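Protein chains: 2
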Amino acid sequence: MASIINKPVLYSYWRSSCSWRVRIALQLKEIPYEVRSVSLIKAGGEQHSNEYRSVNPMEQVPALQIDGVTLVESMAIMHYLDETRPQRPLLPRDCIKRAKVREICEVIASGIQPLQNLTVLIYVGEEKKNEWAKHWIKRGFSAVEKLLSANAGKYCVGDDITMADCCLIPQVFNARRFHVDLRPYPTILRIDRELENHPAFIASHPNQQPDCPPEATK
Amino acid sequence: MASIINKPVLYSYWRSSCSWRVRIALQLKEIPYEVRSVSLIKAGGEQHSNEYRSVNPMEQVPALQIDGVTLVESMAIMHYLDETRPQRPLLPRDCIKRAKVREICEVIASGIQPLQNLTVLIYVGEEKKNEWAKHWIKRGFSAVEKLLSANAGKYCVGDDITMADCCLIPQVFNARRFHVDLRPYPTILRIDRELENHPAFIASHPNQQPDCPPEATK
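Read top to bottom, the protein sequences are chains E and B. The first sequence begins at 1 in UniProt numbering and counts up by one. The second sequence begins at 1 in UniProt numbering and counts up by one.
Derived by calculation from the structure, the hints in this document are not laboratory data. Note that the coordinates shown come from a computational prediction; the quantities given were computed from them, not determined experimentally. Hints may contain errors.
Identical chains blur together in the list; that is why a pair holds if it fits in one copy or across any two.
The list that follows gives simulated cross-link-like pairs (lysine to any residue, SDA-like), each with its CA atoms no further than 25 Å apart [claimed, not checked]:
(1) 154 to 135
(2) 138 to 44
(3) 146 to 178
(4) 154 to 70
(5) 154 to 95
(6) 134 to 50
(7) 97 to 134
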């Protein structure tokens with residue numbers, strides 16, 4: 001397989017929750033990879049450079065170069081990894097459970113994250129951005145909490161880690177950045193605690209990234 | 001299979017682009033289904049009723065009752081239909097092509113639609129909503145056009161209709177509602193023309209829905 005010869009290259013930003021999703025998946029599957037940092041804040045955002053635009057026309061991270069192709073969009077990348085590297089599957093075998101995993105992923109990946117990402121917050125403006133982000137995170141987490149109450153075991157869906165957990169933990173990290181009160185979401189909090197000491201989640205954590213500024217870990 | 005005895009029930013709103021995605025998939029796979037209309041505008045939005053909230057905690061359409069379960073979120077539903085009803089596949093067999101389909105889906109389903117849906121536009125406010133919606137559609141369509149230039153055949157990825165087409169055509173409909181100039185996106189326009197006379201896209205079109213108000217089709 002090409003990936004054994006050429007290590008996959010992940011374009012990532014330490015604090016990007018979508019990059020973190022893919023880092024977790026790579027860690028869980030024990031796929032060695034090289035990180036190329038794309039700073040979303042330096043010089044107005046390196047993701048808008050001509051060079052990076054040719055990697056990802058959406059001008060955002062992550063992007064993954066693997067098996068001779070460049071893939072963008074975190075859910076597409078995680079599905080590709082799962083379909084080509086079946087070790088440590090990120091989806092259950094049962095079709096209904098797979099749908100339940102994807103529901104939770106989609107509430108986060110379409111219903112929360114896009115509304116509180118950096119590009120949108122810049123457009124919303126400094127004055128309103130915190131209230132705006134909190135509003136959409138709380139709305140989405142209420143739905144996630146209800147979906148979890150019907151599906152969670154040790155993790156989001158049953159007792160194995162899935163794509164839903166790869167989406168949830170980075171979103172909880174974002175929620176804390178925006179000072180969202182997480183007490184109304186006990187299942188989310190329980191799963192977050194369950195995974196905070198998991199090696200794949202530790203190694204992929206924003207604070208463990210080469211581009212994390214030292215002051216952020218204090 | 002349960003669905004042969006109990007027809008699947010789709011909670012749908014005629015103009016909802018996410019409902020339309022699922023209607024296209026059901027039509028392509030020739031799965032008979034019953035529509036229950038959820039008006040997103042009547043009485044402040046029927047999706048916020050206690051009754052509907054128990055169907056979909058995100059308080060949005062679509063939701064599909066099928067095989068004894070209720071599924072929400074359009075990408076999760078389309079994947080479930082594809083995994084349980086393999087006729088007329090919505091994803092290519094090749095893993096890289098599947099990733100390319102999912103990239104286009106995700107740019108639309110996470111990068112465009114969530115930013116221009118009704119709930120967000122109400123929150124943005126009457127005065128700014130058109131400019132806001134246009135901004136995000138144009139940004140996303142620029143990326144979709146680039147992805148298509150590398151992957152499109154007769155349709156979004158190759159010569160078979162995929163989930164990417166199920167996402168693209170409803171988003172083009174939305175773009176027209178917001179008077180987005182589509183001339184900078186020739187491949188999007190070509191695929192839209194290619195599919196406008198396809199039976200599955202006609203039958204699932206907003207104007208063909210039982211809850212479409214007569215004045216909308218004029």
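Results of checking the hints against the structure:
1. In the homo-oligomer, the alpha carbons of residue 154 and residue 135 never lie at most 25 Å apart, since the shortest distance is 28 Å inside one protomer and 41 Å across protomers.
2. Taking the shortest alpha-carbon separations for residue 138 and residue 44, only the inter-copy value of 20 Å comes in at or below 25 Å, while the best intra-copy value is 29 Å.
3. Proximity of residue 146 and residue 178 under a CA criterion of 25 Å is satisfied intra-copy only: 22 Å inside one chain copy versus 34 Å between copies.
4. Taking identical chains as interchangeable, the C-alpha atoms of residue 154 and residue 70 lie at most 25 Å apart only when they sit on different chains, with a minimum of 22 Å there against 34 Å within one chain.
5. Taking the shortest alpha-carbon separations for residue 154 and residue 95, only the intra-copy value of 19 Å comes in at or below 25 Å, while the best inter-copy value is 30 Å.
6. In this assembly of identical chains, residue 134 and residue 50 lie within 25 Å of each other by CA distance solely across copies; the values are 23 Å between and 33 Å within a copy.
7. Within a single copy, residue 97 and residue 134 get their C-alpha atoms no closer than 29 Å, and across copies no closer than 37 Å, so neither meets the 25 Å cut-off.
In the structure shown, a violation is registered for the earlier hints numbered 1 and 7, in ascending order.
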